[in-house]
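S.K.: Once you have looked at the hints, place chain B on chain A.
Each protein sequence line maps, in turn, to chains A and B. Using this note's numbering, the first residue of the first sequence is number 6, and each one after it goes up by one. Using this note's numbering, the first residue of the second sequence is number 8, and each one after it goes up by one.
Keep in mind the hints are simulated off the structure, nothing from the lab. Hints may be right or wrong, so weigh each one.
[What the hints assert, rightly or not] Example chain A residues on the side facing chain B (calculated, C-beta under 7 Å, incomplete):
#1 23
#2 143
#3 152
#4 155
#5 254
#6 278
#7 312
#8 318
We put the CB at the ideal spot given by N, CA and C, even for glycine.
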Amino acid sequence: MLKYILNRLLLVIPTLIGITICSFGFVRLIPGDPILALSGERGVTAERYATLVEKYGFDRPIWEQYFRYLGQVVRGDFGDSLATHRPVVEEFLKLFPATVELGIFALIFAIAIGVPAGIFAAVKRGTWLDQGLMGTALVGYSMPIFWWGLLMIIFFSGYLGWTPVSGRIGLQFFMKPVTGFMLVDSLLAGNFNAFVSALRHLILPTIVLGTIPLAVIARQTRSAMLEVMGEDYVRTARAKGLSGRRVIGLHALRNALIPVVTTIGLQVGVLMGGAILTETIFSWPGIGRWLVDSIYKRDYAVVQNGLLIVAVIVMIVNLVVDLLYAVINPRIRVQSS
Amino acid sequence: MSTVTNAPETRKPVSGLREFWHYFSQNRGAVIGLVVLLIMVLIALFAPVLAPHAPELQYRDALLKPPAWQEGGSWTYVLGTDPVGRDMLSRLMYGARFSLVIGVVVVVLALVGGVTLGLVAGYFRGWVDIVIMRVMDIILAFPSLLLALVLVAVLGPGLVNAMLAIAIVLQPHFARLVRAAVMAESSRDYVTSARLAGASHLRLMLVTILPNCVAPLIVQATLSFSSAILDAAALGFLGLGAQPPTPEWGTMLATAREFILRAPWVVTFPGLAILITVLAINLIGDGLRDALDPKLKRS
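Isolated chain A (complex conformation):
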């Protein structure tokens, strides 16, 4: 077990280095002078140009530049945004809770509906219920979510007037960010109306962001259940005369959930990609919209290091999922100990 964990941890190092090479190379790949790219569109004075060359070490050989960059990144120095002149880390930390809040809700939404739907479809295999559920899942899986979001706004916000069109909370509420999670902050402030407003703002983005993970989880749960239900131990459990519910719930489900956990973990990367679109549509002040805006504004310092931070986070999550998989899967657990 320990060997497996160590092995998996060691594999992370080359990937981590590769990611930093990518984000390092990114600014240098932009056609033209990297200093001009990094200093924005208004141009620079000769004096500032010289300090920037000095700061980024562009007069040094490329490998020295890279190690310099690596050193800065390791120390947590991700440079300053060209647009706001504030540290990239500071901006990231300010916006990250919004994305996490939305992501958690989307994932809960996807799991809460996806897993039962998958189990149901597997148990009722071949019936119209199975076909209906899996047909719906395939539609969800094929959904252009940016369009799905606009449809939701047309129907629920425009036609029915039930939900707000954009933002995280009503304009009349001002929440001092304590945790950065709007729902928690509004409760901490004891402002129930603000809490309700924040919750209402969350509904549509949650559904939109959660749609594809929901479809993937439902499909994966179904196939995992079908696989497990053909196994000998399930047949044995049935032969012992256990009730159908007990066989499904205790013997089949517990084993079927092992691959599903991996699938759920892999959805974090999907959520990050989806957040770019969802946050753009709903003007949600999170990481996705921040990165897209930075691309529009040619704020390359933000794009470069925002990409790096996001990739590292996704990688860590995948790592945790892999380790978790080893912990809950008795086959790996026993084999390697």
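M.R.: Just chain B now, kept in the frame of chain A:
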């Protein structure tokens, strides 16, 4: 007479293609998907004949006309017009050309790149393998849409660069698949005998081994086809893919966004076109996987 000529045929072993069709056609969804995709291809091919108007022609006296069946709509513009008076139906028909071409080009690029890298990595192993697969891991470490977005930011917005970016993001899947298959096949007897017979590296890779990895590649290509269309539309929607006035579906959505509450049809139809196309391809993909996966065959 005809029964006599037909008789020997029934004894012939079923050809691979016919066997494939037998399994594929049992999946009703897959057949529906195939029919829808064929209709899309026909629409794309014959768009200049089928479209009632030129896709970029602006009818200044008919801005934001609703679809024909709604109040105020007319049969001149069946699906209505957009904010500058262009016929929606005609633009959607021309848009099918872009989406399908994007899908094909991206899949071909990703397939050729991924297969080459996977073959080389799986066949030669050693440090070549390590380097190639680590690079693939790094590409996979980034959320795909984010990486495509950044690549387009580097290369500059536009349809060609968007296709390149998506192909780069998709190709590690092909490389991994081919590498795994090559490693599994390389130790088989038929490969050893071909090697002993003096086959060159290139011949072993391309003629002996590769044909045995085709089934999973076809399935992966189908899945990539649909995600290429989705990602290209997403990039177009974010203003980094095809540029207006190109009638690309995602780009159409981007320019229509501000009118969603006033004129829902300018938003509804382009997205519906994307959904239908992607859904049809995914249905085909599911059918292909079932038909080509020997484990699931019920024979």
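S.K.: Let me make sure I understand: some of the numbered hints might not hold for this structure. Which ones are they, in numerical order?
M.R.: 5, 8
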